[in-house]
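Trainee: Read off the chains here:
Protein chains: 2
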Amino acid sequence: MQDNKNNATAKAFPELSPTYKDPHQYPPGVAYLDSQYVPISQAKISVLDWGFLHSDATYDVMHAWEGRLFRPELYLDRFFAGMGKLKMSIPYDRAQVLEIVMNAVALSGLKNAYVELICTRGCSPTFSRDPREAINRFMVFVVPFSSVANPEQLQRGLHVAVAERTRIPPSSVDPSIKNYHWLDLVAGLYDAYEKRAETALLLDDQGGIAEGPGFNVFIVKDGQLATPDYSVLPGITRRTVMDLCQELALSCSARALSPQELTNADEVFITSTAGGVMPVTKVNQNNIGDGLVGPICKRIQQAYWDKHTDNEWSTLVIYPDD
Amino acid sequence: MQDNKNNATAKAFPELSPTYKDPHQYPPGVAYLDSQYVPISQAKISVLDWGFLHSDATYDVMHAWEGRLFRPELYLDRFFAGMGKLKMSIPYDRAQVLEIVMNAVALSGLKNAYVELICTRGCSPTFSRDPREAINRFMVFVVPFSSVANPEQLQRGLHVAVAERTRIPPSSVDPSIKNYHWLDLVAGLYDAYEKRAETALLLDDQGGIAEGPGFNVFIVKDGQLATPDYSVLPGITRRTVMDLCQELALSCSARALSPQELTNADEVFITSTAGGVMPVTKVNQNNIGDGLVGPICKRIQQAYWDKHTDNEWSTLVIYPDD
Numbered sequence: 000m001q002d003n004k005n006n007a008t009a010k011a012f013p014e015l016s017p018t019y020k021d022p023h024q025y026p027p028g029v030a031y032l033d034s035q036y037v038p039i040s041q042a043k044i045s046v047l048d049w050g051f052l053h054s055d056a057t058y059d060v061m062h063a064w065e066g067r068l069f070r071p072e073l074y075l076d077r078f079f080a081g082m083g084k085l086k087m088s089i090p091y092d093r094a095q096v097l098e099i100v101m102n103a104v105a106l107s108g109l110k111n112a113y114v115e116l117i118c119t120r121g122c123s124p125t126f127s128r129d130p131r132e133a134i135n136r137f138m139v140f141v142v143p144f145s146s147v148a149n150p151e152q153l154q155r156g157l158h159v160a161v162a163e164r165t166r167i168p169p170s171s172v173d174p175s176i177k178n179y180h181w182l183d184l185v186a187g188l189y190d191a192y193e194k195r196a197e198t199a200l201l202l203d204d205q206g207g208i209a210e211g212p213g214f215n216v217f218i219v220k221d222g223q224l225a226t227p228d229y230s231v232l233p234g235i236t237r238r239t240v241m242d243l244c245q246e247l248a249l250s251c252s253a254r255a256l257s258p259q260e261l262t263n264a265d266e267v268f269i270t271s272t273a274g275g276v277m278p279v280t281k282v283n284q285n286n287i288g289d290g291l292v293g294p295i296c297k298r299i300q301q302a303y304w305d306k307h308t309d310n311e312w313s314t315l316v317i318y319p320d321d
Numbered sequence: 000m001q002d003n004k005n006n007a008t009a010k011a012f013p014e015l016s017p018t019y020k021d022p023h024q025y026p027p028g029v030a031y032l033d034s035q036y037v038p039i040s041q042a043k044i045s046v047l048d049w050g051f052l053h054s055d056a057t058y059d060v061m062h063a064w065e066g067r068l069f070r071p072e073l074y075l076d077r078f079f080a081g082m083g084k085l086k087m088s089i090p091y092d093r094a095q096v097l098e099i100v101m102n103a104v105a106l107s108g109l110k111n112a113y114v115e116l117i118c119t120r121g122c123s124p125t126f127s128r129d130p131r132e133a134i135n136r137f138m139v140f141v142v143p144f145s146s147v148a149n150p151e152q153l154q155r156g157l158h159v160a161v162a163e164r165t166r167i168p169p170s171s172v173d174p175s176i177k178n179y180h181w182l183d184l185v186a187g188l189y190d191a192y193e194k195r196a197e198t199a200l201l202l203d204d205q206g207g208i209a210e211g212p213g214f215n216v217f218i219v220k221d222g223q224l225a226t227p228d229y230s231v232l233p234g235i236t237r238r239t240v241m242d243l244c245q246e247l248a249l250s251c252s253a254r255a256l257s258p259q260e261l262t263n264a265d266e267v268f269i270t271s272t273a274g275g276v277m278p279v280t281k282v283n284q285n286n287i288g289d290g291l292v293g294p295i296c297k298r299i300q301q302a303y304w305d306k307h308t309d310n311e312w313s314t315l316v317i318y319p320d321d
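Residue numbers (numbering that gives the first Met the number 0), protein chains in the order written: chain D, 0 to 321; chain P, 0 to 321.
It does not matter which identical chain is meant; a pair holds if it fits inside one copy or across any two.
Heads up, simulated EDC-like pairs for lysine to aspartate or glutamate below, C-alpha to C-alpha not over 16 Å straight-line:
| # | residue 1 | residue 2 |
| --- | --- | --- |
| 1 | 84 | 193 |
| 2 | 281 | 151 |
| 3 | 84 | 190 |
| 4 | 281 | 265 |
| 5 | 10 | 321 |
Just so you know, the hints here were simulated from the structure itself, not pulled from any lab data.
These numbers were taken from a predicted model, which means no experiment stands behind them.
The shape of chain D in the complex, shown without the other chains (with noise of 0.2 Å):
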C-alpha cells in the first residue's frame, strides 16, 4: 500500500473539465429537442441514450424543395408506425410533430432542405439495460438538401456495383421500420469503391437485389418497371415513383428481382428523398442499355420535381422573412 501511495504522488492526473468544448464544425441548420430550437451545432445526444448505444432508435427524412415540404403526410404515416413497432411513445400527436417540422426549416431559412425526424429509446437516470425504462426522446434536424448522387453522376448515370454483403434480413430487423443499421451498407460501399463503383446494391438473403444505402432501386425492361419487394425500406419516393406510373400509365411490379435481370434491364434507377430519382448507367462497369440515361427515367424524373410545386402534393412553409 506504501508503494501505491508513492506512485500516485508521483502520477499527474490530466484536468477534469467541468464543461466539454466542442471543436468540430459543422454545417447550417437547426435541431429541435428537449422543446428546444437551437443552431445544428448545439444538437447533441448524451452518449449514454440507447438510441447511440443500442441503435435504439427510428427516424424519417423528408425534405423542403423551394420552400415547400413534400408529401410530408407520408413520412409521418412511417415515422408513426415505426415507433409503435419499436414500442416507443412521444409526447406530440401527428399535427404537432408537423407543426415542429414546419417552424424548424422555417428557422432554418434553408429553402432546400434535408429534414430528419428520429425518435430514440433514450436512457433512464440509472442508466438501466431495461428499455421499458428508459425515456424515448424526439428531435428533428434540418440541414441543407443533399443527394445520394452528384450534379455529374445526376447528369450522366450513377456507376453501381452488386455488393458481397447481404442486406440485414427481415427475420432479424424489420426492415419497414426506417432505423440507422448500417454497418452492412457501409461496408457494401466500401466493396463498391474497391469495384471503381460510386455506390453499391445489396443483395437479399435469398440472392435478390435488395436496395442501396439510403436507396431503393427501380429497373426498366421493355417498358416495364420493377422494384424489389423484400428486404427493403418501403421507401416514400419509391411510392411515388409507383403512383407516378400509375398517372403516366406505365406498369409497375414490386416483387423478386436477380442480379440478372438488374444487369439485362433497359434502364436502371434508384430512388431516395436524398436526391429523388437519380439514374444508373453502368453495374459491377457494365452499360446498362446503351450507358445513357433512359427515357423512361427521365419522364419520371420529371413528373417527380413538377409534383413539388404541386398543392396536393407539396406542403407550403411559411418563413420568418417571407
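Using the hints, position chain P against chain D.
Mentor: For chain P alone, coordinates are given in the frame of chain D:
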C-alpha cells in the same frame, strides 16, 4: 404572394436559442472526448455523427473491479481489430488508449466501473455521405459497474426465453466487430418480457442458439461445457471462461448448439463483462436441471472473481486520492 406575406406576419415563430440546455439526469461518471476529460453529463455527440445516424461505430467494454482493470489487453486487441475491419483509425496507439482509460477511471473515482471505448465514423464538416471523408472519433466513458443480472437473479439464476427473432447474421454484419446493431436483441428482450422471462437468447440463421443482449451463453452437460461459435461476438468473458476451464481441467468446446441442447442441459450460464458469469435456471419457463444454480457454474464464477485480484489477470489503477 400577398397572401403568403399576410400569413407570415400573422405567424409567430418560436425562439431559436443560441445554446441547448440539457434537462436530463445522468449517472455519476467521467468521459474522454476530443482530448478533454469531462463529467458524463457533458459527454455528447452531434446528431450528425455517422456513429449515431448509421450506427457506423465499433466499441468495447472493459471493467474495473476494486480498482483494477480486468484483462485490458484483450479488450484493446478486439477494439483495435474492429476499427481496422471498419477502416477506421484514431490518433492513439494501444498504450495511449490504455492511459486514457486509466485516467478516465481514476478521475471518475469509481472502483467498480463499466468502461466503454468507442470509435465512430464521425462526420465531415460538409455532412458528406462518403464514409471516406469522415473524421473518425474516439471516446471513452466510465460509469458505475452494471450487471445483466441483478443481485436476486445472480442468487437464484436468470429466467431466459428463446426469442422468435433471429440474430443479425455474419453475412450481413461481422459479429467479431463489436457493434451497436441491437434492434434484433431489443425485439428479443420485448419477446422475452411477454413470455414472462427476464432476458432473451436469439437464434442464428441456421437455427442454432446464438447469443443474447450483451452476453454469450454456455451449457454444461455431463460435466462438459459448450458455447456457440457462430453468429456470436467472441466475448472476452466467454474467452476468460474458456481459459478458466483449462486451469480447472474442464472440457469446453465452441460449436453449434441446438435449442434442444440448451433446454436439456444440466446447467446454463451466460457471460458478459457486465456481470461476469451469471447463472440461468429457467429457459422458456422450464427448469434447467433441478432449477438451482449448478456446481460448475458456481466454481467458474468463483474462479472468475478470484482472478480479479491476480496481477497476471488485472492491472492496478492509481486514483487521485490513493
